[in-house]
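Undergrad: Respectively, the protein sequence lines represent chains A and B. Here UniProt numbering is used: the first residue of the first sequence is 1, the next is one more, and so on. Here UniProt numbering is used: the first residue of the second sequence is 1, the next is one more, and so on.
Treat the hints loosely; a few may be bogus.
Given that identical chains are not distinguished, each listed pair holds provided it fits within a single copy or across any two copies.
Below 20 Å or equal to it, Euclidean Cα-Cα: the simulated PhoX-like pairs (lysine-lysine) are [as the list claims (entries may be wrong)]:
1. 409 x 44
2. 67 x 380
3. 211 x 149
It should be emphasised that the hints constitute simulated quantities derived from the structure, not laboratory data.
Residues per chain, in single letters:
There are 2 protein chains.
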Amino acid sequence: MFVLFISFSVCNGQVIKAEKILFETGIAGDATPVLVERILKADKNPISEIKFEKGTYHFYPDKGFEKFCYLSNHGDLMVNTPFPILNMENLTIDGQGSTFIFHGVVIPFLIADSKNIIVKNLSIDWQDPFYSEGLIVANDEKNKTFDMKISEEYPYDIRNGQIFFIKEYYQHSLGQSILYNPKRRAITFNTEVYTPITTKSKTSKTFNLDKIQYKYEYDKRDLGFKNIGFEYGITVEELEPGLVRVYGHKKEMPPVGHILTMKGEQGLNRVAPAFSVAHTIGFSAKNINVHHAGGMGMIAENSEDLILDNFNVTPSQGRMVSTTADATHFVGCRGKVVLKNCTFENQLDDASNIHGTYQKIVDVLDEYRIGVRMGHHQQKAFVIGQPNDHLGFVRLSNSFFPYNKTTIKNIAYINNRYQIITLNEKLPQDVQPGDLVENLDGYPDLLVQNCIIRNNRARGLLISNPVNTVIENNFFSTEMEAILMPVESGHWYESGNATNVIIRDNVFQDCQHSGFNRGVIRFDTDDDNENIAFKDISIINNTFNHFDNLILEVTNTDGLKFTNNTITHSGTFPLLYPSNPAVRIAYSKNMNIDKNIFKGKEKTDLLLEIDGSMSNLK
Amino acid sequence: MFVLFISFSVCNGQVIKAEKILFETGIAGDATPVLVERILKADKNPISEIKFEKGTYHFYPDKGFEKFCYLSNHGDLMVNTPFPILNMENLTIDGQGSTFIFHGVVIPFLIADSKNIIVKNLSIDWQDPFYSEGLIVANDEKNKTFDMKISEEYPYDIRNGQIFFIKEYYQHSLGQSILYNPKRRAITFNTEVYTPITTKSKTSKTFNLDKIQYKYEYDKRDLGFKNIGFEYGITVEELEPGLVRVYGHKKEMPPVGHILTMKGEQGLNRVAPAFSVAHTIGFSAKNINVHHAGGMGMIAENSEDLILDNFNVTPSQGRMVSTTADATHFVGCRGKVVLKNCTFENQLDDASNIHGTYQKIVDVLDEYRIGVRMGHHQQKAFVIGQPNDHLGFVRLSNSFFPYNKTTIKNIAYINNRYQIITLNEKLPQDVQPGDLVENLDGYPDLLVQNCIIRNNRARGLLISNPVNTVIENNFFSTEMEAILMPVESGHWYESGNATNVIIRDNVFQDCQHSGFNRGVIRFDTDDDNENIAFKDISIINNTFNHFDNLILEVTNTDGLKFTNNTITHSGTFPLLYPSNPAVRIAYSKNMNIDKNIFKGKEKTDLLLEIDGSMSNLK
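Extracted from the complex, chain A is given alone in its bound form (with noise of 0.2 Å):
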């Protein structure tokens, strides 16, 4: 370790010393030791830069600093980093090009309580990856099992009839499962025919499990309880050493030469995700490639002024996939979101996710205070704001906008599931236990601008922001929605409805192919009802070229723009659903779809199905 200089700034008044730290190659064996020792050191001696001399570093857990990090979205766990970049100022990380190659459950970069982040210019990888691959090599529809053949890269076990990927510091079972095609290194067409891999059914033997009672509400989908009254449904059978045949598949069988992906059970298997970003004002990650995570490439949660520029997620090493989850996602994110000149590609989930948190009012305790339930497991511990933020009381049953809100006095945390938030103001006199409040600044002036999203499990964009929302130039070929602008409270729990949102210049190609009766461009809520959620909606200058022929879903919308878009038909896969027309509209209003250019096969009393009250549709 070199100092390379020291800078001086001014902080309130006092001069501020500030190391530039040179790392040479000699840490390589085990990067993470040196970079801990410095980095703890730096509330009393700062650090400005942090450099590399280009290179591959390793990164091992062993000696990694500890912290127990709620991730929403993610697995919660007491986990390493190397980086803990935990309450710090101006610093700049640089790589110079380097690969750092992670080992084990750890996240790399560590990132809290912090101030105008840098890290630019290096390659991140692990030495293991937290999935696996199987080679479908026969399989036979007739008694329902397939083959696959496992390569050396991928040391498994079989207990009891279950496989478990072993790795340096992890496992995993089969659990979660999609087909890839090799030849075109995406998502296998129409793959929910074959996938997701049937790996739990119910058991029959129960005995008096309706005598335990819960006082409150419980989450039946925790890890806690999910298996409950649930066994293997598949076993697998070791033909020989790295070839294996599995039973109990329910739906059609695999295609040869096809690879299913698998990485373990749901809610175990996001541990260690690429950058976890929190309570930051100021982060920048340019020149990135994020070859591979154990969760996200990048979550961040209530930061600020968020850029990512030619932050590229995309796999290495021959793998069919990058990261195991979303190449990024954002919840209660303010300012600026900009995610631009990105490639985002071959992750196991959407490309971004961005929205809020909803949460449940279950106690009212007097005029000020609420006590709040965390819905679902993956947003346990969740902060939904900080003192003066605004909050918005929802009852979505009578509106997807909220009927009144405050402002947040400050928030008790007591534990995971449950905190009490106190307001400045007396509460909306109608509040009732079961309402929802949402943190109305809690949502960003987002731009989507010159990224490539391919080849990936699930969406490209999902997003449920009511302030700003700019996607332009982009190149989206997805096998669910390439834009997906839900308004949904029951499951996730993510908050946020759509309003001024631009989509234009875009090219979508063939998305939505894996099977889903779906627009590739979709608004949705989770409420059957005629009420407005999505409002100021434009999308124009887009070419579709698309196997299919539903293109625009929308519904509950209030002022939707779809112009001077082309749309060709690709010819790539055969048609799924015929019938469709190219756009759907339900429950909305002030709908102005014109100058379209359609050059598609379907006959033209397709392009436009309309449900529902409408009016004033231009």
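Starting from the known structure of chain A, arrange chain B on it as the hints suggest.
TA: For chain B alone, coordinates are given in the frame of chain A:
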């Protein structure tokens, strides 16, 4: 809640107002939220006393205060408590005879970083126990099966041939098990012939596991590794609701009429001790009944001056089992540790275990700093001492006593397996990675007096204490050793030898009856050499009423007085090891065995057996 009155005290020249609070039975439905709310305000609004109107109070986890707890010899977990006694001073909690019923995974009393805490006059129980019972109703030695009747109190499901017992907020597999004889309400005689049930066996189907490389030492017994290559060796079939047959057990079939107690898998089954006391000076528990806990009755760590008086661990509701682990356990405690007038019965581990911790030196970082590794996964995160404590350097192959000592300057916690200790003085020149350190100040003056210890699994007292130990006027009837004094390094990393031990005026009734060939009182080392481990031991004026021969087993001892003891033959059970002597001594010196009264049945030439090089035997 009523504030009874406000007391005043003077601390550092400041007058401190502290409230005395009475909680009435109106809160009994779930006493947790009001308690948590009030206790969390205690930093600004101090409390000197919390009293409860006599009654039965329930405590649920849903609104309990959350803390991540690393607990010695327990699982490490994020857990809730209704009594977060953290950084408090001079507090008395008085149940006035109340019963506290806990629900799920909670720690009733979580006491840390506090001073002068008194808890008295209350009983602790759980709605659902953390173990389950099966009454053996049939067995078939030929087909190697046995049948269990499961009562309605123990809901279960069976998944892929494995039984899981489902509780409120908890579940466990069959896992660790032992037989109880319901007539004696004690561990079945010779239970080692039947139990533990052999639940796991090696799987033959592994692929490329040897390709996984670890850069550093790792713990194969830790949860992330222990199941690799192992599968369930038994299967369970439901014959009718509440009646199950177990196949595949490899020991003898358990006898009809006995009760199999099952507490789930080791490493997962200690999650809710009744009392956790850590880094606390002055703790007293008086007139307490711990009827149950999912772990220990009390686990105390790094604390000072602890007095348990009439602290009784004893089952309720007709259950065979009280706590599922030790009744009490003290790690790294100093000052006085007193257990007096206590009953410890029917717990599934020792009545008390008192020891320090060995940590392994893995890095010599510079002249003043060492990196140490926590050896056992249930010692994770244990901090070995505080500044200026004496740290002993130990190389057990050379000596059971430290070869050098120095003092701690500070300890940097990196993660639960790795800490960096900085010393005030330079390291010994001959220190080597692999050497152990122990805290020489982390042992107590121990008094165990007027206690009844019986009907539990495992030992009575397991003591590694080089300071002072007095064990007097107690009654023991345990299935393993009544008193075991070990020097142990390779498995549990529990430090401490034994010096200045007085064992007097106790009654030992039919201990060591579960099948092991060991003495009622035993001194033992892991390392097979002639070095002295134990010094100045007095065993005087005790009564041993024993069914078998071997009373005292001594090794590596310098200075033993075994005098004025009375040994009688109980006839309670058949002899297990008729060729044993009454006293077995090896590698010891300065032995004084005199004036004992022997009324046993053994031939007189079996009274004393001496192995190894001996001198100064009187």
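Undergrad: Does each hint hold? Answer for all of them.
TA: Taking the hints in turn, this is what the structure says about them:
In this homomeric assembly, residue 409 and residue 44 come within 20 Å of each other (Cα to Cα) only across copies, at 19 Å, whereas the closest approach inside a single copy is 32 Å. Taking the shortest alpha-carbon separations for residue 67 and residue 380, both the intra-copy value of 16 Å and the inter-copy value of 14 Å come in at or below 20 Å. With identical chains, the CA atoms of residue 211 and residue 149 are at most 20 Å apart between copies only, with a shortest distance of 18 Å across copies and 46 Å within one.
The structure is consistent with each of the numbered hints, conforming to all of them.
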